[in-house]
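Number of protein chains: 2
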Amino acid sequence: MRVHLVHAHPEADSFVAAMRDRAVAAFRARGDEVGVSDLYAMGFDPLLKAADFGERRDPGHLVYALEQRHGWETRTLAPDILAEVDKVLAADVLGFTFPVFWFGVPAILKGWIERVFLSGPFYGGRRIYGRGGLAGKRAFAAFSLGGRPGMFGPGSIHGELEQGMLRHFFQGTLGYVGLSVHRPFAAYHVPYLDAAAREALLDGLEDYLRTLDDQPTFRLPDLADFDERLEPRRR
Amino acid sequence: MRVHLVHAHPEADSFVAAMRDRAVAAFRARGDEVGVSDLYAMGFDPLLKAADFGERRDPGHLVYALEQRHGWETRTLAPDILAEVDKVLAADVLGFTFPVFWFGVPAILKGWIERVFLSGPFYGGRRIYGRGGLAGKRAFAAFSLGGRPGMFGPGSIHGELEQGMLRHFFQGTLGYVGLSVHRPFAAYHVPYLDAAAREALLDGLEDYLRTLDDQPTFRLPDLADFDERLEPRRR
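Those protein sequence lines, which keep their order, are chains A and B. According to this note's numbering, the first sequence is numbered sequentially starting from 16. According to this note's numbering, the second sequence is numbered sequentially starting from 16.
Hint data in this document are derived by calculation from the structure and do not stem from the laboratory. Check the hints yourself; a few may be wrong.
In this list, chains with the same sequence are indistinguishable; a pair is considered to hold if it fits within one copy or across any two.
What the hints assert, rightly or not - In the DSBU-like style, the derived pairs of lysine-lysine whose C-alpha atoms are separated by at most 35 Å in a straight line are:
1. K102 with K64
2. K152 with K64
3. K102 with K152
The task is simple: from the sequences and hints, build the whole structure.
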């Protein structure tokens with residue numbers, strides 16, 4: 016199996032970096048091939064911009080998604096984008112290790128998604144969710160957050176985490192492009208944990224990844240239930 | 016009233032830029048003071064990093080939120096952060112104009128939030144939601160998206176927009192720091208609209224802003240319902 020990890024943390028010896036390293040080791044122990052895009056270490060540029068396109072479909076006015084399609088068809092996208100797209104397309108499993116900031120991914124990873132998840136090969140029109148361009152591949156995330164589990168779920172202060180606050184990522188981003196998305200590995204309350212508790216979390220992550228194939232996936236919308244305008248079919 | 020707009024779009028003559036300009040004009044017509052942080056035009060750096068701190072509480076290991084508190088107390092934060100924090104603190108109303116990318120704000124705006132919404136003056140511990148540091152101020156957003164209204168809401172393909180896919184922003188970010196958050200102005204299906212339809216949307220935005228004080232706000236969690244661990248109180 017080919018696994019590609021996308022890692023986003025500014026501190027090289029963070030707990031999230033330890034999660035990344037544990038993940039690499041766990042996959043290698045299974046005999047999988049593992050690559051890593053360490054976004055801060057690579058100096059990945061998170062800003063989408065006109066210069067992402069070597070040749071413009073419309074040089075006068077930038078509509079990013081339309082230029083993405085043109086840039087992909089002509090292979091004139093910026094080399095840093097093409098390199099990442101190729102890694103994604105070559106992988107069977109995409110993994111993401113990051114700290115949750117403001118109930119989302121860090122800006123550097125948000126920018127990676129905006130520049131790399133191309134309109135055209137990744138999604139477009141009714142080619143979303145189960146019909147998205149990455150259908151057949153799987154994804155998982157392992158993230159840290161400051162909160163405790165009791166702050167999430169029905170009746171809690173922040174509401175549901177995975178399908179509420181983080182719905183934009185699991186469904187709206189990973190699921191949207193056709194990935195089958197495993198329920199994530201969440202490391203709660205990380206800044207307040209001692210070394211033993213952190214080690215126990217890393218062992219938990221290793222167990223999670225060893226049994227990744229059996230981890231449940233999110234239920235995503237079925238395109239068969241929606242018409243050509245993506246509105247619910249009347250039955 | 017002092018209004019500060021944060022604008023995030025890479026194209027200078029985009030529809031979202033027209034929304035920003037219409038907003039500036041609408042507030043000025045009311046007699047309000049208006050400032051704008053145009054993030055692309057400013058070259059705002061969206062990457063949080065160790066160099067954001069002129070003086071470190073812990074030079075050996077970066078825990079960003081803890082360094083934010085220290086940097087604020089000692090006024091040793093990077094000047095580009097301090098300048099934005101001062102604009103936010105001086106405003107009565109914060110406005111955001113942006114295209115929705117991947118059911119969230121553009122990376123450049125996500126990075127602005129990560130660097131500017133400081134742990135300490137903006138939030139911390141139980142100082143969130145109605146008790147957050149920006150309590151007493153208001154916020155609104157005017158955004159574009161490619162989808163149509165029929166793709167959102169109960170039973171739709173993507174589910175609820177404002178309190179579902181965008182919950183992380185309206186509740187988890189703006190509401191979290193104590194802002195009273197108006198229901199947004201959403202411009203649907205923008206890439207596919209002709210000039211007349213776009214002009215009608217801009218007129219709609221002007222009406223929305225002229226009556227902003229009467230626009231409904233999101234219901235946010237009441238801290239009185241939660242204990243010192245932020246878990247629901249038993250009654």
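A quick look at each hint next to the structure:
| no. | hint | verdict |
| --- | --- | --- |
| 1 | K102 with K64 | both (21 Å within a copy, 26 Å between copies) |
| 2 | K152 with K64 | both (28 Å within a copy, 33 Å between copies) |
| 3 | K102 with K152 | within (13 Å within a copy, 45 Å between copies) |
The structure fails none of the hints (numbered hints given earlier).
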